[in-house]
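Engineer: Here the protein sequences line up with chains U and A, keeping their order.
In terms of full-length UniProt numbering, the first sequence opens at residue 1 and continues consecutively.
In terms of full-length UniProt numbering, the second sequence opens at residue 1 and continues consecutively.
What the hints contain is simulated information worked out from the structure, not anything from laboratory work.
All values reported here derive from a predicted model rather than from experimental measurement.
Watch out, some of these pointers could steer you wrong.
Computed footprint of chain A on chain U, listed as stretches where at least three residues anywhere in the stretch have a Cβ under 8 Å from a Cβ of chain A [said to hold, decoys possible]:
hint, segment
1, 290 to 298
2, 303 to 315
3, 336 to 342
Backbone N, C-alpha and C define an ideal beta-carbon position, used for all residues, glycine too.
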Amino acid sequence: MPVAGELVTGLKCRLCGKLYPKEALNFCTDDFGPLEVAYDYEAVGRTFTRESIASRPKNMWRYHELLPIDGEPTVGKHVGCTPLIRADRLAKALGVAELYIKNDAVNHPSLSFKDRVVAVALSKAVELGFQTVGCASTGNLAGSVAANAAAAGLDAYVLIPDGLEQGKILGATIYGAKVIAIEGNYDHVNRLCSQIAFRYGWGFVNVNLRPFYAEGSKTMGFEIAEDLGWRAPEHVVAPMAGGSLIGKLHKAFHELDRLGLMNGPVRTKMFGAQAAGCNPISNTVKTGANKVKPVRNPDTIAKSLAIGDPADGFFASKLIRDTGGWSEDVDDEAIVEAMQLLAETEGVWAETAGGVTVAVARKLIEQGKIDRDGSTVLCITGNGLKTQEALADRLARPVVIKPTMEAFDALVESYGAFAEVGAIAAGA
Amino acid sequence: MPRVQIPTPLRAQTGGNDEVEAAGATVGEVLADLGRQHPAIRERLFDGEELRRFVNIYVNNEDIRYLEDLDTAVAATDQVSIIPAVAGG
Numbered sequence: 001m002p003v004a005g006e007l008v009t010g011l012k013c014r015l016c017g018k019l020y021p022k023e024a025l026n027f028c029t030d031d032f033g034p035l036e037v038a039y040d041y042e043a044v045g046r047t048f049t050r051e052s053i054a055s056r057p058k059n060m061w062r063y064h065e066l067l068p069i070d071g072e073p074t075v076g077k078h079v080g081c082t083p084l085i086r087a088d089r090l091a092k093a094l095g096v097a098e099l100y101i102k103n104d105a106v107n108h109p110s111l112s113f114k115d116r117v118v119a120v121a122l123s124k125a126v127e128l129g130f131q132t133v134g135c136a137s138t139g140n141l142a143g144s145v146a147a148n149a150a151a152a153g154l155d156a157y158v159l160i161p162d163g164l165e166q167g168k169i170l171g172a173t174i175y176g177a178k179v180i181a182i183e184g185n186y187d188h189v190n191r192l193c194s195q196i197a198f199r200y201g202w203g204f205v206n207v208n209l210r211p212f213y214a215e216g217s218k219t220m221g222f223e224i225a226e227d228l229g230w231r232a233p234e235h236v237v238a239p240m241a242g243g244s245l246i247g248k249l250h251k252a253f254h255e256l257d258r259l260g261l262m263n264g265p266v267r268t269k270m271f272g273a274q275a276a277g278c279n280p281i282s283n284t285v286k287t288g289a290n291k292v293k294p295v296r297n298p299d300t301i302a303k304s305l306a307i308g309d310p311a312d313g314f315f316a317s318k319l320i321r322d323t324g325g326w327s328e329d330v331d332d333e334a335i336v337e338a339m340q341l342l343a344e345t346e347g348v349w350a351e352t353a354g355g356v357t358v359a360v361a362r363k364l365i366e367q368g369k370i371d372r373d374g375s376t377v378l379c380i381t382g383n384g385l386k387t388q389e390a391l392a393d394r395l396a397r398p399v400v401i402k403p404t405m406e407a408f409d410a411l412v413e414s415y416g417a418f419a420e421v422g423a424i425a426a427g428a
Numbered sequence: 001m002p003r004v005q006i007p008t009p010l011r012a013q014t015g016g017n018d019e020v021e022a023a024g025a026t027v028g029e030v031l032a033d034l035g036r037q038h039p040a041i042r043e044r045l046f047d048g049e050e051l052r053r054f055v056n057i058y059v060n061n062e063d064i065r066y067l068e069d070l071d072t073a074v075a076a077t078d079q080v081s082i083i084p085a086v087a088g089g
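Pulled out of the complex, with its shape left as it was, chain A reads as follows:
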């Protein structure tokens, strides 16, 4: 099952775990399953059906905006990372 890396500020919602397994064949499905397990996370990541403007999602090391966004395929061995998009030079 794909593993989702949880950034520090969201770990209060995952019982302190920095990684959560979530089912799904696409990023959208994986995040939906994560949201089912931890409802408070979903509202932080999504505004309606859209990912919030300053949330970046990576599959392994690739930004999903360069792939198929929420439709990006995820294999069982993949790692999905949630990274706030507000760092920068």
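If we strip away everything but chain U, and leave its shape as in the complex, we get:
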């Protein structure tokens, strides 16, 4: 494999195009535009082929040439290549022909898509010489930074809003990270992290390392395309917190297309999903506004999407419009119902953000915005184990019976079921 660093030409301002060296910098010092990684695609194409990719291990680093680290990865070597599930039972429930679940609820090691971005950000942090890393997080990133930093021997400061789900707090604390809860919402945490990064010079994965970090999300798109037989789906529904993921999925399909790896044209319409209690991007799309109006006090059970001032909101809303997609938002009741629907039809227990994605998909299908005959991928980005509070008192408790066959027989009879005849030979 070539040294990927030679393929990265620098960091480029998304507004004015000014090029910066590969450093821990996330915005243009001329106009404050966000920076993103620029590649030499001609050089990438020399070694990045379907055959070379197929010959590599099943993890996200099989797409190494399009990830911005210089040498071999040192953090998160086993992340990615999560299942793309053909979801026929959910498809039937939603009334569409061809539906897939990209299931990052089982990503390694911390059960969310954030392992992808963290693998890149922390590998880059090691290359840049950081010993202390950090993040501002709504929960999933906290767990991923904590777990991956522990495995890499880095010191981690994880800043979260207070009031997060227990599963997410424990899922960061167990790894020995310094977990600091800030009184306030994510936007308060985020602003503080920007100031801390300036003062302490640590490597904050989603602040000063953000251009590198964000590229990790592309691997979700690469995997979807590869698993679909080097095809881009007609529709993708992605949850939106800061709004970065949806853009990177789209970028992934178009990078593969640019390198000549796709079968057929890429015409994917991008659909964004938010909660009604925190819908700044969805609101921008629906009103046709040019500026994203932030939500001051997000209020939703989908805490991982509760970012009132989304960093990539402008780009996400523009992308959604430009691709002919749309965005919707759903209330907490619909979120929980959709979590249950996904679990009961496909055996996938997603976190609340997954409920948002499924519920929004249902809404978009009913609105006719998603074509029932096209192929649709729903991106499930986190695991339901972490947001158990959302299901409190909603699910039936287990039935308690005495340890006797009579008690069980009576129970089965109450369910209206019948014993299978001959399953076990009499007297066996």
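Given chain U, put chain A in place with the hints provided.
Structural biologist: Chain A in isolation, oriented as in the chain U frame:
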């Protein structure tokens, strides 16, 4: 006089100072005075009369978009912070 916190990338324009005093009764006036003292900062913060899309301004700990934007009142003891808006989850 209100104090303006300068983020690291703009400190080259303020002689390395991380804080600058600037006069004014509103955010707009304070930033205008800052711009008079350090002209290179003004062009980085403003596109014409509008704040650039990815520049966030806080008075003490509150984002001015939740207040009166550039018309937000600033007291002599207030701190105005310039924070790039591109961090995020």
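Engineer: Hint by hint, say whether it matches the structure.
Structural biologist: Okay, the hints, checked on the actual structure:
1. 290 to 298: Three-residue rule met by the segment 290 to 298 of chain U, so holds; n is 4.
2. 303 to 315: Check passed, 6 qualifying residues.
3. 336 to 342: Contact hint for the segment 336 to 342 of chain U vs chain A: violated, 0 residues under 8 Å.
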